[in-house]
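Numbering of the sequence shown is given in numbering that gives the first Met the number 0, commencing with residue 0 and proceeding in unit increments.
Keep in mind the hints are simulated off the structure, nothing from the lab. Among the clues, some could well be false.
What the hints assert, rightly or not - Cβ-Cβ distance ranges computed for the label pairs, FRET-style:
| id | residue 1 | residue 2 | range |
| --- | --- | --- | --- |
| 1 | A100 | T130 | 22 to 30 Å |
| 2 | K70 | L20 | 22 to 30 Å |
| 3 | G62 | A100 | 18 to 26 Å |
| 4 | A134 | E96 | 33 to 41 Å |
| 5 | P51 | D8 | 33 to 41 Å |
| 6 | T130 | D38 | 17 to 25 Å |
| 7 | E44 | G73 | 14 to 22 Å |
| 8 | S75 | R11 | 26 to 34 Å |
We put the CB at the ideal spot given by N, CA and C, even for glycine.
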Amino acid sequence: MTGPNQAEDAFRNRCASAARLLAPFAHHFIARVSFEAQDDEESLEITLRDGPSKPEAVISLAGVRHVGLSKGPGLSGCFVDAISVIHLPRTPLPWPEEAAALVGRSGGPEELVWLRLVGPAEIDVIASILTVYVAMSDDEASTGPTTV
0 MTGPNQAEDA FRNRCASAAR LLAPFAHHFI ARVSFEAQDD EESLEITLRD
50 GPSKPEAVIS LAGVRHVGLS KGPGLSGCFV DAISVIHLPR TPLPWPEEAA
100 ALVGRSGGPE ELVWLRLVGP AEIDVIASIL TVYVAMSDDE ASTGPTTV
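Build out the structure end to end from the sequences listed, making use of the hints.
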């Protein structure tokens with residue numbers, strides 16, 4: 000059976016893994032942002048693209064507690080300068096002040112993750128579930144297996 004410390008380590012490790020996976024997607028473009036609210040559960044998906052020769056990423060967040068968006072002239076097609084994924088542990092462990100100001104610290108029972116996309120448009124999301132999907136580029140997908 001998994002103890003509370005192991006579960007927290009697992010969530011922290013998933014956040015760190017997502018941060019490493021998303022790091023190469025800085026300087027990609029926001030292709031789509033989709034927010035859905037259904038049955039008291041909010042979710043958000045962000046698709047990052049940079050043309051057919053590069054892989055694309057879909058960032059899926061569920062259990063959304065906060066969504067913040069500041070945008071310039073347009074969101075679609077806006078490039079991303081930096082991506083960060085920050086683990087927000089259970090109380091009473093400290094959070095960054097900015098994250099605490101976004102959602103408060105009510106002493107909730109779960110850990111959260113804070114995703115930030117920074118560029119001409121900025122997206123801040125705090126959620127309880129983060130999943131990252133990476134698709135190979137069209138060039139990679141069109142390459143069939145080589146035979147010798």
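Right, here's what the structure says about each hint:
1. A100 - T130: 22 to 30 Å: holds, 26 Å
2. K70 - L20: 22 to 30 Å: holds, 25 Å
3. G62 - A100: 18 to 26 Å: holds, 20 Å
4. A134 - E96: 33 to 41 Å: This hint holds: roughly 36 Å between Cβ atoms.
5. P51 - D8: 33 to 41 Å: Since the Cβ atoms of P51 and D8 sit about 39 Å apart, the hinted range of 33 to 41 Å holds.
6. T130 - D38: 17 to 25 Å: holds, 19 Å
7. E44 - G73: 14 to 22 Å: holds, 18 Å
8. S75 - R11: 26 to 34 Å: holds, 33 Å
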